[in-house]
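There are 2 protein chains.
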Amino acid sequence: MIQMDPQEVLSLCKRRGFVWPSYDIYGGLAGLYDYGPLGSALKSNIENHWRKLYVLGEGFHEISCPIVAPEPVFKASGHLDAFSDIYVECTKCGETYRADHLAAGMHENPASLSEEQLGRLLRDNQVKCAACGGELTSPRRFNLMFKTQIGAGKGKTAYLRPETAQGMFVNFAQVYRYGREKLPVGAVQIGRSFRNEISPRQGLLRLREFSMMEAELFVHPDVKTWPKFASVKDESLSLVPSSGEPRIMKLGDAVQSRVIANETLAYFMWLTQRFVVDIGLDPKRLRFRQHAKTEMAHYAADCWDLEAETSYGWIEMVGVADRGCYDVQAHITHSGADLTAFERFDEPKEVEQEVVRPVFGALGPLFKGNAKLVAEVISKLTPDMVRGKDRIETEVAGKRTEIPSTCYEVVTRKEKVSGRKLVPHVIEPSYGVDRIVYSVLDHAYSKKDDYITLRLRPSVAPVKAGVFPLMPKDGLEEIAMGVYDNLVKAGITAYYDDSGSIGRRYARMDEIGTPCCVTVDFDTKTDSRVTLRDRDSAQQARVRTADVVAAVEAVISGRSLEDVRRMG
Amino acid sequence: MIQMDPQEVLSLCKRRGFVWPSYDIYGGLAGLYDYGPLGSALKSNIENHWRKLYVLGEGFHEISCPIVAPEPVFKASGHLDAFSDIYVECTKCGETYRADHLAAGMHENPASLSEEQLGRLLRDNQVKCAACGGELTSPRRFNLMFKTQIGAGKGKTAYLRPETAQGMFVNFAQVYRYGREKLPVGAVQIGRSFRNEISPRQGLLRLREFSMMEAELFVHPDVKTWPKFASVKDESLSLVPSSGEPRIMKLGDAVQSRVIANETLAYFMWLTQRFVVDIGLDPKRLRFRQHAKTEMAHYAADCWDLEAETSYGWIEMVGVADRGCYDVQAHITHSGADLTAFERFDEPKEVEQEVVRPVFGALGPLFKGNAKLVAEVISKLTPDMVRGKDRIETEVAGKRTEIPSTCYEVVTRKEKVSGRKLVPHVIEPSYGVDRIVYSVLDHAYSKKDDYITLRLRPSVAPVKAGVFPLMPKDGLEEIAMGVYDNLVKAGITAYYDDSGSIGRRYARMDEIGTPCCVTVDFDTKTDSRVTLRDRDSAQQARVRTADVVAAVEAVISGRSLEDVRRMG
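Those protein sequence lines, which keep their order, are chains A and B. Here our numbering is used: the first residue of the first sequence is 18, the next is one more, and so on. Here our numbering is used: the first residue of the second sequence is 18, the next is one more, and so on.
Source of the hints: derived by calculation from the structure; they are not laboratory data. Source: prediction; values computed, not measured. Take the hints with a grain of salt, since some may be wrong.
Repeated chains share a single entry, so a pair holds when one copy, or any two copies, can fit it.
List time: in silico EDC-like cross-link candidates among lysine to aspartate or glutamate, alpha-carbon distance up to 20 angstroms [stated by the list, open to error]:
hint, residue 1, residue 2
1, 173, 214
2, 416, 41
3, 301, 333
4, 397, 41
I would like the entire structure built from these sequences, with the hints used as guidance.
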């Protein structure tokens with residue numbers, strides 16, 4: 018365990034403009050943070066690297082959906098019913114608390130308790146308001162989606178999305194068509210999501226508004242092999258399986274021994290590891306923890322969280338899950354839309370096929386004038402959707418309707434078919450951007466005798482080069498300004514600084530993770546060379562003034578000072 | 018006026034995956050659109066170009082604030098009181114309408130009327146519901162911010178931001194400190210904003226959720242000159258002043274003759290024009306329209322809208338305004354925070370200074386135990402804030418408090434000061450991204466005998482190159498796949514297509530604006546060259562297979578096929 022106070026990193030972040038508590042002049046609001054100029058650039062660099070990996074590298078299609086979504090989306094997804102926490106409120110000062118947090122230590126798993134059980138536990142333990150000692154209300158359930166209303170008058174109930182995923186599920190048909198009707202096909206989305214936390218603490222780790230990068234890979238239900246898996250099967254990951262000992266395993270072995278459910282899941286776990294190492298996380302402080310069966314959503318086939326060890330302890334940053342057909346099927350059921358893929362057979366087949374057929378004798382008396390519409394809806398159902406149920410709830414002509422099982426039957430029909438419809442399964446890598454940003458800062462932070470260096474990878478560092486005239490006189494400023502202008506023209510973020518000692522200026526750049534600094538001195542005027550200083554080694558090289566852009570580009574692409582020196 | 022139906026562009030957009038109506042499977046929702054893979058890439062390219070111009074080119078600091086903001090922010094900004102429309106609702110079917118839209122043609126300026134006046138007008142004209150003929154309610158005012166609540170229990174009222182600007186105003190002190198306490202200093206923000214429109218129509222032009230790119234330049238109130246203005250003073254813009262004839266004017270003349278209020282404003286108008294032309298808008302279909310005094314916010318000194326002529330007619334895309342000290346001053350008044358800049362004199366001066374001083378004799382009896390706190394607040398006020406008012410409304414110890422003018426006085430004091438505090442003025446260029454995206458598509462759209470070509474600038478085109486094997490056989494696919502892989506590895510978005518005739522494949526790429534296509538044919542196997550085809554001229558060149566990446570990069574950077582041919 019690393020001995021470091023998370024406040025150290027956060028305090029650097031606030032002081033230097035990585036993040037600020039939001040709306041500070043109005044007293045602030047827990048769980049909301051601004052990204053300042055440095056944080057904003059660091060976050061963009063991380064997001065762009067991810068985009069390159071998924072969109073260019075793996076061929077996912079990036080889409081962008083609204084944050085505000087109407088209620089039926091979350092009725093279908095399950096968020097309306099199940100995305101909630103239990104809270105109590107102080108009757109005196111109005112402070113709110115998560116009931117399971119207050120019950121910590123009073124039960125082995127307070128999060129599993131009902132409102133009643135938690136109420137009894139808190140009463141028995143005479144828990145009062147921590148802020149003012151007041152009495153607490155009975156526990157109540159609180160849905161964690163921000164609620165709002167679209168339009169004037171009665172309007173429509175809507176919510177701020179709790180994840181970007183639903184936008185991709187409801188668009189499966191569009192994405193599938195855009196990908197020219199082949200599986201697998203993947204969509205990604207990067208954007209804000211919301212969770213109306215009851216009592217958020219912990220800086221960037223538990224936010225009410227946060228950014229996610231999510232990928233939804235739609236696959237054939239029976240085909241979870243992955244062509245590129247062969248190229249990574251000998252790579253190793255640190256795994257914490259839900260049963261058995263933590264271990265470092267080769268991916269090939271992990272899939273073969275069924276520790277990881279399938280190749281596709283394993284491939285995206287590897288891609289995730291590669292991504293976070295690329296942006297600077299220490300591979301020795303990473304592990305994949307498998308969800309226990311009890312912790313996993315009932316529909317998920319397998320789920321692994323990538324965790325990083327930080328000054329907060331181990332924190333979850335990414336989840337990689339095989340979600341089966343749950344999500345797409347839920348939207349088919351609730352919307353009645355056809356969100357299936359079509360598998361074309363090599364040649365048409367005579368098949369016995371189970372279909373759902375309306376029973377008109379029962380439909381007529383029950384639905385009268387609507388019977389024909391209901392029959393149409395029934396014809397679109399698949400046997401899986403009705404089996405073992407005594408009624409189906411669905412939309413008919415825009416109205417929620419219950420259809421009892423007497424109104425339909427599953428029959429076997431022989432017919433020649435050219436293919437079949439499938440509800441795709443989903444493999445979902447889901448990344449919490451703010452936690453990743455925090456972990457990158459945490460792993461990069463180093464301090465020696467009160468001298469702080471942020472050892473950010475050059476590729477993600479917000480500022481790539483500091484540019485200094487040794488003294489702001491004798492024309493050194495003009496030369497330095499010229500160097501600065503050339504960098505900026507080449508699209509490189511640089512920082513011009515002419516105030517204070519050179520040591521002080523280096524320190525300012527080291528503290529924000531700038532990988533190199535360029536100093537123009539008196540010799541520059543005669544030898545047309547400048548001093549390039551490397552952040553991590555503090556070593557220096559003289560390079561031609563005319564070569565500064567190329568030298569800094571070399572540093573950004575990860576080459577050593579030795580390489581750069583050879584250029585000069 | 019261009020004769021084209023906006024539905025043509027929208028229909029292409031939906032068919033090919035630029036935009037889709039959101040939540041379509043649940044019946045959709047007016048005013049919400051998804052960006053599909055092509056739209057998403059086009060929009061990102063436009064945003065990144067803007068970012069480069071403002072952040073790298075002009076040195077603005079990019080920040081990123083939450084979308085959800087607490088009520089006091091919008092009390093201060095004025096949105097809570099003034100950001101509203103008047104609507105009527107059908108008492109039968111519940112449809113809502115903007116009252117001023119229904120009154121179109123019944124009054125010369127329905128938008129200027131009160132609820133009562135509109136009600137009388139609609140009654141007198143016997144206006145009924147357009148959908149069902151039902152009776153309409155009396156007109157009511159509707160605040161256009163989406164409202165929500167933060168936290169459980171009583172919680173806090175919050176809104177989705179109607180613009181990104183407020184996040185930058187409330188952070189002035191942070192941005193000023195980050196910029197090392199100098200004026201001018203600028204912040205930019207790119208992100209979603211919200212407007213709960215009563216009855217949105219018109220595709221991408223009137224959205225309930227949209228993206229903005231906003232810049233807030235904080236300047237010294239007396240210094241609105243701009244060093245770089247000299248380099249653009251001979252550039253011309255098409256101006257529609259609020260008084261006088263539309264005309265094309267040189268910027269230098271426009272500032273000199275006071276048609277445009279100052280150099281800084283004029284410079285950012287020019288930068289705006291340059292930006293939209295860079296991304297592909299036709300300069301002949303652009304104009305800057307000045308707000309009339311009655312249309313302009315009372316505090317604004319000058320405001321110009323950049324408009325583009327599209328198939329919808331002239332539409333507003335960008336506003337460039339001198340907002341004076343209004344925004345920062347409003348947040349100083351409401352929060353009590355010090356959001357001033359400090360102007361250091363060359364040497365300390367003996368000055369007569371007006372200050373606001375508490376009158377303790379009046380304060381004591383009125384505020385009793387709070388008198389000291391109130392006196393402290395009074396000491397922080399500036400003479401400008403109290404002059405001509407008979408009371409001040411402000412926060413004292415977290416409570417809204419009225420302080421009558423008997424409790425303070427403005428006195429003149431002689432003292433030695435090293436500088437003075439100033440409330441900065443704000444020059445604000447504010448860009449509506451979705452309208453810009455629409456205009457770019459609209460100006461790029463061309464159709465000849467039913468053949469559609471989207472003449473997007475290569476720099477913003479979502480796909481940069483199509484890659485085709487002439488036939489998917491005899492190893493042509495492997496060579497084409499190799500070309501595709503090389504492009505993608507170089508970070509270039511390419512599209513591999515091996516189905517249908519070559520003509521069909523060119524057509525698919527022309528329709529989405531792909532600037533060039535690379536075809537691998539049977540000769541490629543012997544001469545190691547491929548055919549590069551230019552979208553706009555339909556001309557072709559043979560280039561070496563090994564040079565494809567460089568050739569496509571040349572096309573993206575805007576070079577002609579002739580140049581590219583010379584490379585080969």
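The hints, checked one at a time:
1. 173 x 214: between (24 angstroms within a copy, 13 angstroms between copies)
2. 416 x 41: Close across copies (16 angstroms), not inside one copy (46 angstroms); limit 20 angstroms.
3. 301 x 333: within (15 angstroms within a copy, 54 angstroms between copies)
4. 397 x 41: Classified as between; 18 angstroms across copies, 54 angstroms inside a copy.
Violated hints for the displayed structure: none, as all numbered hints are satisfied.
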